[in-house]
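Student: Sequence:
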Amino acid sequence: MKEERNNSPPDLTMLRERLARYPKRLITALSRVAERQGMDLFVIGGTVRDWLLGRIPGDLDITVAYDAEACCRALIAELGGGAFVPLGCPGEEAGRVVWRGLTAKDGLNPRKPGTMAKDGQVSRAPWTAQERLAGAVTAKDGLNPWEPGMAGAVTAKDGLNPWEPGMAGAVTAKDGLNPWEPGMAGAVTVDFSSFRQRAQTIEADLGLRDYTVNAMGVSFAALLDRAVTLHLLDPLHGLDDLEEKILRACPQAFLADPLRMLRGYRLCATLDFRIEEATRVEIERHVDLIRTVSVERISHELDLIMVSDRAHAVLGEMAQVGLLWQIIPALARGVGMEQPGFHHLDVFHHSLAALGFMEEILADPDRFYPECAARIREYIGQPGMKVWLKWAALLHDLGKPVTVAVREDKDGRVTFYNHDQVGKELVMKLGRELRWSNDNRERVAALIGMHMQPFHLCNVRREQPLSRKACLKLSKKAGDDLIGLFLLAMADSLAGQGEKKPPMMEAELSGLLGEVLAIYEQYIQPAIKGPRLLNGQDLITSFSLPPGPLFAKILDALQEAQVEGEVASKEDAHIWVRRYLEQEQKGRNNESLE
846 MKEERNNSPP DLTMLRERLA RYPKRLITAL SRVAERQGMD LFVIGGTVRD WLLGRIPGDL
906 DITVAYDAEA CCRALIAELG GGAFVPLGCP GEEAGRVVWR GLTAKDGLNP RKPGTMAKDG
966 QVSRAPWTAQ ERLAGAVTAK DGLNPWEPGM AGAVTAKDGL NPWEPGMAGA VTAKDGLNPW
1026 EPGMAGAVTV DFSSFRQRAQ TIEADLGLRD YTVNAMGVSF AALLDRAVTL HLLDPLHGLD
1086 DLEEKILRAC PQAFLADPLR MLRGYRLCAT LDFRIEEATR VEIERHVDLI RTVSVERISH
1146 ELDLIMVSDR AHAVLGEMAQ VGLLWQIIPA LARGVGMEQP GFHHLDVFHH SLAALGFMEE
1206 ILADPDRFYP ECAARIREYI GQPGMKVWLK WAALLHDLGK PVTVAVREDK DGRVTFYNHD
1266 QVGKELVMKL GRELRWSNDN RERVAALIGM HMQPFHLCNV RREQPLSRKA CLKLSKKAGD
1326 DLIGLFLLAM ADSLAGQGEK KPPMMEAELS GLLGEVLAIY EQYIQPAIKG PRLLNGQDLI
1386 TSFSLPPGPL FAKILDALQE AQVEGEVASK EDAHIWVRRY LEQEQKGRNN ESLE
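So the sequence shown is numbered by my numbering: it starts at 846 and just counts up by one.
For the record, the hints were derived by calculation from the structure and aren't laboratory data.
Just so you know, even glycine gets a beta-carbon here, dropped at the ideal spot from N, CA and C.
There could be a bad hint or two in this list.
Stated by the list, open to error - Once the Cα atoms are required to be at most 20 Å apart in a straight line, the calculated PhoX-like pairs of lysine-lysine come out as:
{"no.": "1", "residue 1": "1398", "residue 2": "1321"}
{"no.": "2", "residue 1": "1322", "residue 2": "1374"}
{"no.": "3", "residue 1": "1318", "residue 2": "1398"}
{"no.": "4", "residue 1": "1398", "residue 2": "1374"}
{"no.": "5", "residue 1": "1314", "residue 2": "1431"}
{"no.": "6", "residue 1": "1321", "residue 2": "1374"}
{"no.": "7", "residue 1": "1274", "residue 2": "1314"}
{"no.": "8", "residue 1": "1374", "residue 2": "1415"}
{"no.": "9", "residue 1": "1398", "residue 2": "1431"}
{"no.": "10", "residue 1": "1398", "residue 2": "1322"}
Stated by the list, open to error - Simulated restraints on C-beta separations:
{"no.": "11", "residue 1": "880", "residue 2": "943", "range": "38 to 46 Å"}
{"no.": "12", "residue 1": "1431", "residue 2": "1409", "range": "17 to 25 Å"}
{"no.": "13", "residue 1": "1121", "residue 2": "1257", "range": "41 to 49 Å"}
{"no.": "14", "residue 1": "1395", "residue 2": "1247", "range": "30 to 38 Å"}
{"no.": "15", "residue 1": "1186", "residue 2": "859", "range": "56 to 64 Å"}
{"no.": "16", "residue 1": "899", "residue 2": "1121", "range": "21 to 29 Å"}
{"no.": "17", "residue 1": "1297", "residue 2": "1177", "range": "18 to 26 Å"}
{"no.": "18", "residue 1": "1076", "residue 2": "880", "range": "18 to 26 Å"}
{"no.": "19", "residue 1": "1266", "residue 2": "1356", "range": "43 to 51 Å"}
Work the whole structure out from these sequences, hints included.
Tutor: Okay, here's the thing in structure tokens:
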């Protein structure tokens, strides 16, 4: 039997203060819904949990005895707007109301571009990522909703990550924001659910939730009536577990919805809680059930884990119980697979360690790339970038189990030739399975396909000075993710500490990135960002060449010559192309003589 840890009643006055942070229009509308539907409303689940933790979520979880969908539609009618989204697993009735009705009445002035109303005065809205005007504000109001941090219809489909602070989409206080502060993103969601499995009381319904910390509730009517003493509905002693920061599953939780296993680890990541031992054993017993859950729900939980700063620790715990193998089976193939002398860990644990080091790098880039830290912070500040760099770190060696070989001609050494390219294809496949967007899938896969390039360049640099041509090839191949490639290489290097690893490898990578960026800015950027010295029409007009594949070959080689300083003007370019064509003709003549 669970030991009672606290016999004194908790101070629940804070719950009224938390509810008071929501717009009065919404609270009034909910009161009318309760009155007209003739039923009690109970605030439950994650909302109460977060309130007790001192957070102010932008959403409300409400349960009612029956007719949850009817309550949703009644709320929309009372608010005069809002979108209804059906929710719930089979056998459950649940719905969501998404309301974006914030106006100047709620502390915002959406009609004056770049301003916000506060205490009756209009002041300039700070243009920080967390203080962009949102709600009903769009380009019609003089603002650009496609600018990172703006609202409107901007979502991840537009290249933005709606889970980044300041972004649009479903961002709430759970993401570190208070959507009711002036200038914040103003969407609020209200989730209604009917009592589950024909439960007759709110206490019985709470007992059918996922974890005890989410199985608490409070009467909505009591929250509004200050003459009434508040009572916390807590049939499974979730408050005790909340104080201990542990996650304890409710009875039969995983059989009712297997996604709850993964959600538990997501809560560990985002709340910094731990799963208690009996619950961990239950998860280990039922891990195979996760395969019955839709991939969209699984992918959503995984991304929330990656958004946190504890992805490395939590995914390691998921691997221990086998849950990770059910979701990404390819990672399991690296367990126990030994690597050459550069490494001290097997393939999987090396990959997991790389994820951990990536989290450290993202948290403090100055420590690893001091000369380039400002550029790195700008790069990783892009919406969603940190999440995809973490995925790249975890999956960078996915191709090793497929390409492993013991080479007798190399004294029995284990090799993984071409594992980067094989891994790229495997990640493309995994990204499709997890329903990643095309852009995100291709960027992560591209990083993995290139992840050995910085090490190859370090090898060359030890023997000779770094050439502009080598930097050009790398920068063109990496594109906008040149910095991301070096962050991945640093995480990979730090995760390998074998006896045969070259000394000062991390210092070499740091110096190499600085040198590559310097060469890029001085020599490469002017050549590839500015107008070409010659174009295809010039090749037709000046050299009577027919359009074809040779054009790209000539123009790319000319660009390399420009970066190397061999040509600097159109006149130089004409001379260079003429010589190039002469060499090509000589080569063809020699081949015909043979």
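Student: None of the hints should be skipped; say for each whether it holds.
Tutor: Each hint tested on the structure:
Distance check on the hinted pair: residue 1398 and residue 1321 sit about 15 Å apart at the alpha-carbon level, within 20 Å; holds. Proposed proximity of residue 1322 and residue 1374 is supported: the alpha carbons are some 15 Å apart, at most 20 Å. Our distance criterion of 20 Å between C-alpha atoms is met by residue 1318 and residue 1398, whose separation comes to about 14 Å. A threshold of 20 Å between alpha carbons decides the hint, and for residue 1398 with residue 1374 the separation of about 19 Å falls inside it, so the pair holds.
A distance of roughly 25 Å separates the Cα atoms of residue 1314 and residue 1431; the hinted pair therefore is violated under the 20 Å criterion. The suggested pairing of residue 1321 with residue 1374 holds, with an alpha-carbon distance near 12 Å, which does not exceed 20 Å. Among the hinted pairs, residue 1274 with residue 1314 is inconsistent with the structure: their alpha-carbon atoms are about 33 Å apart, more than 20 Å. Between residue 1374 and residue 1415 the alpha-carbon distance is near 16 Å, which keeps this suggested pair within the 20 Å criterion.
For the hint pairing residue 1398 with residue 1431, the CA-to-CA distance comes to about 17 Å; that is within 20 Å, so the pair holds. A threshold of 20 Å between alpha carbons decides the hint, and for residue 1398 with residue 1322 the separation of about 16 Å falls inside it, so the pair holds. At about 23 Å, the CB distance of residue 880 to residue 943 disagrees with the hint of 38 to 46 Å. At about 22 Å, the beta-carbon gap between residue 1431 and residue 1409 stays in the expected band of 17 to 25 Å.
Roughly 46 Å separates the CB atoms of residue 1121 and residue 1257, a value that falls within the hinted 41 to 49 Å. With their beta carbons about 37 Å apart, residue 1395 and residue 1247 fall inside the hinted range of 30 to 38 Å. Distance hint check: the CB atoms of residue 1186 and residue 859 are about 57 Å apart, consistent with the given range 56 to 64 Å. The beta-carbon spacing between residue 899 and residue 1121, approximately 23 Å, falls within the hinted interval of 21 to 29 Å.
A C-beta distance of roughly 23 Å is found between residue 1297 and residue 1177, which places it inside the suggested range of 18 to 26 Å. Roughly 22 Å separates the CB atoms of residue 1076 and residue 880, a value that falls within the hinted 18 to 26 Å. Hint check: residue 1266 to residue 1356, Cβ distance near 27 Å, so the stated range 43 to 51 Å is violated.
Checked against the numbered hints above, the structure breaks hints 5, 7, 11 and 19 and satisfies the rest.
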